[in-house]
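Undergrad: The task is simple: from the sequences and hints, build the whole structure.
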Amino acid sequence: MSTTAVVRKNTYFDSVSLMSVSTKANGLDGVEQAFTAMGTEMNKGVLGNLGLLTDELRAAGSGDLMIVLVAEDRADTEALLAEVEDLLHRKAPASAEAGAVTYRTIAGAAEGIAGANLAVIAVNGAYAAREARKALENGLHVMLFSDNVSVEDEVALKELAHDKGLFMMGPDCGTAIINNVALCFGNKVRPGSVGIVAASGTGSQEVSVRVHALGGGISQLIGTGGRDLSEEVGGIMMTDGIRALAADPATEVIVLVSKPPAASVEKKVLAEVAAAGKPVVVYFIGGSEEAVTAAGGHFASGSLDAARQAVALAGVETAGTEEFDAAQAAADVVTRLAEGQRYVRGLFCGGTLCDETMYAVKDAGLDVWSNIQKDPAFRLTAAAGSKGHTFLDFGDDDFTNGRPHPMIDPTPRLERLVAEARDPEVAAVVMDFVLGFGSHEDPVGTTLPAIEEAQRIAREAGRHLEIVAYVLGTDLDTPSVAAQTAALEAAGVTVTRSSTETGRFAREIARKAQQA
Amino acid sequence: MSTLPEATSSAATASVAEGAELTPAAALFGGDLSVVNVGLAMFDADISAQGAKVSTLDWTPPGGGDLEAARALDVLERPDLAEKIEAANAEAVERIMAARPMLIGFGRALDVVPGMTPTTILHSGPPITWDRMNGPMKGAVTGAIVFEGLAKDLDEAAEVAASGRITFKPCHEADSVGSMAGVTSASMYVHIVKNETHGNVAYTNLSEQMAKILRMGANDQSVIDRLVWMRDVFGPMLKEAVEFTGPIDLRLLLSQALHMGDECHNRNGAGTLLLFQALAPGLLQSSFTTEQKKEVFDFVASSDYFSGPTWMAMAKAALDAANGVENSTVLTTMARNGVEFGIRVAGLPGQWFTGPAQKVVGPMFAGYKPEDSGLDIGDSAITETYGFGGFAMSAAPAIVALVGGTVAEALQYTRDMGEITTAANPNVTIPALDFQGLPTGIDVRKVIDTGILPIINTAIAHKDAGIGMIGAGITHPPAEAFTKAVTALADTLA
Amino acid sequence: MSPEESIPGARGCAVLPVRSGDAALLRSLRSTVGEGVVHSVFSRVVNLLTPQDRLIALAVRGAGHAPRTLTADVTDWTGYGIEAGRRVRFARGSLTLELPHKRLRLTLDGARLWCPDTPSLAHLAPAELAAAAAHLDRLNRAHGALGGMLGATPGAGPMEAAVATALAKGRTGFTAAVPTGDPARIRTAVLSLLGLGPGLTPAGDDFLTGAALVAALPGSALAAFVPVLKDVLDAHPGRTTDLSLATLREAADGRARAELLDLLRLLAERAAPRQLDVPVRKVLAAGHTSGSDTLSGLTAGLHLEEELRGSL
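Chains as they are written, first to last, in this note's numbering: chain A, 1 to 516; chain B, 1 to 494; chain C, 1 to 312.
Treat the hints with caution; some may be incorrect.
Claimed, not checked - Taking lysine to any residue pairs in the SDA-like style, the calculated list, with each CA pair at most 20 Å apart, reads:
{"hint": "1", "chain 1": "B", "residue 1": "293", "chain 2": "C", "residue 2": "274"}
{"hint": "2", "chain 1": "A", "residue 1": "24", "chain 2": "B", "residue 2": "359"}
{"hint": "3", "chain 1": "C", "residue 1": "169", "chain 2": "A", "residue 2": "48"}
{"hint": "4", "chain 1": "A", "residue 1": "134", "chain 2": "B", "residue 2": "70"}
{"hint": "5", "chain 1": "A", "residue 1": "9", "chain 2": "C", "residue 2": "83"}
{"hint": "6", "chain 1": "B", "residue 1": "294", "chain 2": "C", "residue 2": "275"}
{"hint": "7", "chain 1": "C", "residue 1": "282", "chain 2": "B", "residue 2": "209"}
What the hints assert, rightly or not - Pair by pair, the computed Cβ-Cβ distance ranges are:
{"hint": "8", "chain 1": "A", "residue 1": "115", "chain 2": "B", "residue 2": "132", "range": "48 to 56 Å"}
{"hint": "9", "chain 1": "C", "residue 1": "269", "chain 2": "B", "residue 2": "58", "range": "56 to 64 Å"}
{"hint": "10", "chain 1": "C", "residue 1": "237", "chain 2": "A", "residue 2": "478", "range": "54 to 62 Å"}
{"hint": "11", "chain 1": "B", "residue 1": "79", "chain 2": "C", "residue 2": "62", "range": "51 to 59 Å"}
{"hint": "12", "chain 1": "B", "residue 1": "83", "chain 2": "A", "residue 2": "114", "range": "26 to 34 Å"}
{"hint": "13", "chain 1": "B", "residue 1": "132", "chain 2": "C", "residue 2": "269", "range": "49 to 57 Å"}
Treat the hints as calculated values from the structure; they're not laboratory data.
For every residue, glycine included, the Cβ atom is placed at its ideal position computed from N, Cα and C.
TA: Dropping the structure here:
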């Protein structure tokens, strides 16, 4: 047991308020007994006899109110004191807060808030469809962050939204930018004339950030949810999104971002591309060029390519960027490797970033293992150790397993980083750091101790471990991409400048290390 | 999953009205973003930091997170059934709001309450047997047995109670309500309240005023002495008084009391003055001595609670009028026996749906701690079922200190209750909310859908027999009772 | 009534009439000029320090009469923006509080005078005193609040229990000391209770207030207690709160809240026990355990009165 006290100088409370404070203090978690009394000699004497007199209480005068808490040892006294202060302050007139209305239901809010036009819904999947339906029925566009919504529900919601002319972004939609406001996970980018419709969250973040870095800007970024282009859903939201951007006077170029769609859906989407009346850049990760070109679209081979084409089509003057010589950089790395260091390991937060890097390595004809591999022969589970060239998406359900997404909490990656450093076959570890709204406030800072630990382990084993990092973010984000990059470089990490470049660099290291 | 193609949304209609060519998407892109944020509060700060409007809901999952309840709700939301329910609920609330309960007299329970016998003891809440009763209720029952002369002392009374010679019955099943333990025995005097509109009658016993009283579980000689005086002087004098004054319009008095700052469950200062004002001429004309009249006046003046039971009987008389309206999902009863909380639904007459009685949270009298509290008890939640009490907290800002809270919270409580009720009662209004009517007709479906449980203002009795009231506060029914009710409704109506 | 409704005055000065007040106080205020300060603010009472550093109270309508108290035509002080430390200007016939955005002037003209009328119990026989004390004690135990003089609540924590033990010890010492008439012993007994107990007004003070009131009645056999109490208060003003100190000083002069005096008057008039119920309830309604603790002191005073009367 420990004593904690609050002394209020010359403070007087009505007995009802005092009773209420005393009762609430007694109810605080960890409080054994709360006792309120004036700081008179006699009262202090009694506390002294019980050995409960702290210096603060000793200094209390007759006109001072003492609130004495006897708390359990395990109790967080700081927190208790803060709560008691809070109770005392609650006595303040409530008129200031009287104007604020809290709504309990979407229907209540839609009715009560004039001009409400979009609901962001992030509730347990079991209730998500119901809430989304209520929002649509009340005339709100929906961004449904929740996952674990059935395909049937998704189709029903999207059909309902389509009938009403509303957006049904999601389920499992993590990124959108509407009227220059980033929702959930998004980066601070310049307003502009490039509109994005995307089935992949970090993919669209990457394209928006690259467009910004190239001097362009974003009109709208509409998320569709990862399953929109599946056979069952049929691309309802992407189709509606393309149409909305086609009709939007502020949008001059449209960019589509997705994994390759189901064949029938691809046809449907490309028909919309042909009918859009505006240039459409299509970046279907690992998709084929022919069909896109045939539909009059602009095929993009990677996220950087998509951004470059979009900015060019929008007529934005881009400053000439120096090309990164991945082959030369990789060759420099390989000279420092010890014998047996052959493999690249990717530890990613962003699914699309993982995908793009993995495809780059695979395209070089190398075998890659991953938890998001389509080919079951090369699929790894979360529990399994790495194998050859391994690329892991820590944001996949298999890894998160109820924990927050690694973009919010990057710590689950740290252990794996240290484990990879112990593996004598590892030549390089590739990581991403995603900045922006919704993300962790300092992902690099949280990871640096593990990076140093990994470097130390390799050094002590007589190896050079190449750590490659990509920071997804803009100069407008907090923290800025420059600040996070500087911190990584100071720690001896090689920082790449786009997701595409990360893929190229990883591929060259993998190829050269394996040959060596 | 079914959708309602015929349902048109207000916002969608509005945007169409603004300009025929403007699609909802174009309206979104062309206007200011205003977000309703549901579930994750962290998004709120990000969105408002970017200069957009955002309002984060105080969201709870439907049915308190019970999937079975959510499924039952889906059944009840099928368009054909929903239409039938809407019509039935409209009728149920119309009956509740049109009811005009009049205080027509007082009488001995044995003489007036249907089914009463010399060995019947009524209690609050859903049915319960002697062995399952909690401390306060056992205390009240044994006190009543001694008071009725069925045992010589409390020990013997406990034996009598356990012997099977006493018929225990919920007040609600005898057209009655009872505050706290609700214990009503044959020779206690009760209010007689007649609903003039529909003809049904409701009963409730008299306030014992102080803290150390039978209904709170106290049962020593001072309590019994007071009951004897109430039987011999107080009750008979009230009976005579109403014979002189004639019927008293309780809904009118209730609405005046709300305008004077009562919520008529925990705060009854104005209501007691109004009721006493109405009774005083009759009391003066009664056949009792001046000394006895002085005693009655002093007794009434000794506690604001005098009119508390009266409003309960008033609410009971109105709500009973909605009992049996087929297909209705409106509540007609919320009542607790200290062990279980029971609700009854208009469309399922005679059935109780129960869950465990809850704790009452609020300030306590000096020296008592939360663990001394008995669980929520009493039929007084009939007041919230009608729409006052906790539902009308915004009419009684002065109550917030007593139940622990702020004036803003008080206003919010009434707004929240609007989300789970069917109509606003135009006959009883709340000045602070621009004379909005009481939130009336708690809809089981809406409670499950919104996850908002009715709020109840109530007193706290000590958990042990014999001690009495130790505080006051607020509580809620258990979500379980509503889950059971919505499931039964889905089974019965579908 | 809100402050705005009651403004006949001009330029940001609201005027509130004082309806009634302690006659002695009103008399002294008529000649008080100078600057005072707001001491403390509650919803039903605002306490002020006069230019002479005397504590006086501004009560709301219906709060009941009490010494050093003025009753203003207000239902609640909340919302007036009065804060401790604000200046108060005392002029002949009015007090003016300087509030953040305006001034609030309380006018004394037309205030009804309340003269605390101190009854005497000297004519009661020891047996009558004993019966009255026993009846009050019974009512106190039935309806009073635990936590102070009535003892700790069942299952109370160590602090409440220790305070209750100290209070009980103080009471025993007090009832033993007063009959001896020995000033030194009485002084020690008073000091063992002064400022002791939980809540806003320490329970020990309330107890002493009740006992002092009985001792200050005309013809009391406890009269020896009064000068000792006054000496202790003068010598040790810091031992308890300003509010308690003021209440105790008044009680030593036979002045107390109207409910207490009403109760004593009924005792003096040999009222039937049942007639005491409502007045006792009003006494118990004060503060939290305050009413109950004061009643305990009153009861102890009556017991002592009986004991000392019997020994004559």
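Undergrad: For a quick check of understanding: which of the numbered hints are violated here, in increasing order?
TA: Going through the list in order, the structure violates no hint and respects every one.
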